[in-house]
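Single-letter residue listing:
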Amino acid sequence: MNLDELKRIKEETLRTMTPRDEQPETKIVIGMGTCGITAGARQTLAAALEEIRVRNLTGITVAQAGCMGLCQREPLVDIVRPGSQIYRYGDVTPDRMKQIIHQHIVNDRPVYDWLVGTRNSAPER
Amino acid sequence: MELFRSHILICQGTACGSSGSEAVQKALVKEIKAAGLEKEVQVIHTGCFGFCAQGPVMVVYPEGTFYCKVTGEDAKEIVAQHLLKGRRVERLLFKDPAEEKRVDEFDQIEFFRHQKRVALRNCGQINPDNINEYIASDGYFALAKVLTEMKPEEVISMVKESGLRGRGGGGFPTGMKWEFAAKAQGDKKYVICNADEGDPGAFMDRSILEGDPHAVLEAMAIAGYAIGSDQGYIYVRAEYPIAVERLSGAITQARKVGVLGKNIFNTGFNFDIDLRLGAGAFVCGEETALMTSIEGHRGEPHTRPPYPAISGLWGKPTLINNVETFANVAQIILKGWQWFASMGTEKSKGTKVFAIAGKINNTGLIEVPMGTTLRTVIFDIGGGIPKGREFKAAQTGGPSGGCIPTQHLDIPIEYDSLLEIGSMMGSGGLIVMDESDCMVDIAKFFLDFTKDESCGKCTPCRIGTKRMLEILQKITAGEGEELDLEKLEGLAENIKTSSLCGLGQSAPNPVLSTLHFFRDEYFSHIVEKRCPAGVCEKLKKYRIIPEECKACGVCAKACPVDAITGKVKEGFAIDPEKCIKCGACLEKCKFRAIGR
Chain A
30 MNLDELKRIK EETLRTMTPR DEQPETKIVI GMGTCGITAG ARQTLAAALE EIRVRNLTGI
90 TVAQAGCMGL CQREPLVDIV RPGSQIYRYG DVTPDRMKQI IHQHIVNDRP VYDWLVGTRN
150 SAPER
Chain B
5 MELFRSHILI CQGTACGSSG SEAVQKALVK EIKAAGLEKE VQVIHTGCFG FCAQGPVMVV
65 YPEGTFYCKV TGEDAKEIVA QHLLKGRRVE RLLFKDPAEE KRVDEFDQIE FFRHQKRVAL
125 RNCGQINPDN INEYIASDGY FALAKVLTEM KPEEVISMVK ESGLRGRGGG GFPTGMKWEF
185 AAKAQGDKKY VICNADEGDP GAFMDRSILE GDPHAVLEAM AIAGYAIGSD QGYIYVRAEY
245 PIAVERLSGA ITQARKVGVL GKNIFNTGFN FDIDLRLGAG AFVCGEETAL MTSIEGHRGE
305 PHTRPPYPAI SGLWGKPTLI NNVETFANVA QIILKGWQWF ASMGTEKSKG TKVFAIAGKI
365 NNTGLIEVPM GTTLRTVIFD IGGGIPKGRE FKAAQTGGPS GGCIPTQHLD IPIEYDSLLE
425 IGSMMGSGGL IVMDESDCMV DIAKFFLDFT KDESCGKCTP CRIGTKRMLE ILQKITAGEG
485 EELDLEKLEG LAENIKTSSL CGLGQSAPNP VLSTLHFFRD EYFSHIVEKR CPAGVCEKLK
545 KYRIIPEECK ACGVCAKACP VDAITGKVKE GFAIDPEKCI KCGACLEKCK FRAIGR
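As you go down the protein sequences, you meet chains A and B in turn. In short: position in the first sequence from 1, add 29, done, that's my numbering. In short: position in the second sequence from 1, add 4, done, that's my numbering.
So that you can see chain A by itself, here it is in the shape it has in the complex (with noise of 0.2 Å):
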């Protein structure tokens, strides 16, 4: 044991423990009501954790939300990083969940196409 491996095995378990990170650097927001699940929410949610998986991607939390309102877009995803506006995206599916991850979060170049809008992030409570 060195110090470089004790290093090693922190990074390697707090990539496992970034569900517990307070504040994440991403978070994905994923509408899971009725309307969202029927869309295929789930399968968008399983498409963002292999993505990150595949891509070995740190410091994102992958979260649910109940309804959106905006049922004819569903499934929708929120993309919320800090000192950023909340980008919402609609009809994800789980190749255009991919691409967003792709894309938005490890490019830093948001996706129009898909675009609901965008917001000001909530304020700090």
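Since the hints were made in silico from the structure, they are not lab data. Everything numeric in this text was worked out from a predicted model, so none of it was measured. From the three backbone atoms N, C-alpha and C, an ideal C-beta is built for every residue, glycine too. Please note that the accuracy of each hint is not assured.
[Unchecked claim] Here are some, though not all, of the chain B residues that point toward chain A, as calculated from beta-carbon distances under 8 Å: (1) 8; (2) 9; (3) 65; (4) 68; (5) 69; (6) 144; (7) 145; (8) 148; (9) 152; (10) 153; (11) 154; (12) 263; (13) 269.
[Unchecked claim] These stretches of chain A come out as covered by chain B in the derived footprint (C-beta under 8 Å, 3 or more residues): (14) 43-54; (15) 84-97; (16) 112-119.
Got chain A sorted already, so can you dock chain B onto it with the hints?
Below, chain B without anything else, positioned relative to chain A:
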């Protein structure tokens, strides 16, 4: 490596365990599997969150939702609502008793808001059976830093500067203890962790061992490096099966990873730790008795000096620290002594863990900066006294400590201020008493405990505590005389000054402090033959209060010995000769017309 989107942290400490958290965990795992979520949601067991009154408790991440009093039947709803649809299960959220509203995130709950967790930082946050999670929380980095960057003297001076004092009760400066042990000459030295927690009502050491065992192992290795020792022992009582299990698991993992054993971090430093199980004698928490017990003899204390630092276990220089003391060490090394010394008061630095029990709404385990007032602890964190009753006193320091009455509620909790008013910090047990508690009875309870636990080596402690107990029994039976109080004080003084170890030296404290603050209650028992709180069985005198009595006759029907006579609509009376003081009439009366 598996990634999960959600982690459910469920407390598997002794308290939540005994309220059924294991069944909850099993039910959750089953329901998660049934819903096909086993690849998305991970259920992790952790140590004590501290909120034992609300157990079994759990937190669902990433939302950080705090659920309390969860049962196995709730698992299905949690999975169907929260995990599948992202909707909180409102009815399982903590309900703020003051504001009557449900609180979802646990850092918003009053109980947690005032706390500062240093020794308990990982309890309820990590899986204690997984060394990697400890490492991810900066675990063993302090040991690495000490071994690769610091000289033993630097480590000792850092602990000294931090102002850390022994958390087991005595409050001796930890750095000085380390220095004495380091300077002592010897071919072999030992580091001992005193995990023989014996005060009734105190369970902070158990919770640390159950929730964060590696914090203790790491600190012991650091201490070993600082004083030049290669062998540590943890003396833990066999009545803590979960703690023993997690500790042995932690030691095995630490050896496997290579943070215990030979040539740690390639620095040539060797250190190993073994467990020694105690059979649960209170006196074995005293350091010399503890060492005698490790050596395989009957646990009896012996004279000091020589102090353990000079001649301890098997006659070798030995460092003994308490669990909570050790739990602070790695943080001091990582964050610096300045950080630690910035918390607390001038002479008591850092934080202290308290186990709050008794007549209080939120029983549980809390950690607050030294110098926090008793009022904050009892009324803000503890949520006040249940059933709208009046606060009477708080007992700190267990059977060695004393009572703190209402007029001292605003004193800051620190070693010296507590000593000044005749109590002590002790290991951190805090028992709250209200108007329905009889102080003579409380003193009797603690003395009964120390009388049983006296090892018998010193006559004043062995026989003196017995005699004191007999006097207290006499007083609570209504046969006390005024002279008894002087006798009590005389015996107390003798026992305190002529006992060898801390057990005898402090055993009379509960009596002395109740005599000091609640002498009038003793007088009520002796002179008026009355127990003001209505606790002492033999002094209870049931009577009917004519102003309240509606003459309904319910009490007369309830009385098993026909001691109540009278006529409906006219009035009733209790015959004290016949009354057996069972209390049946008091329970049945709807108009609170029975007095005692």
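Exercise for the section: Could you work out which earlier hints the structure fails to respect and list their numbers in ascending sequence? Expected result: Going through the list in order, the structure violates hints 5, 10, 11 and 16 and respects the others.
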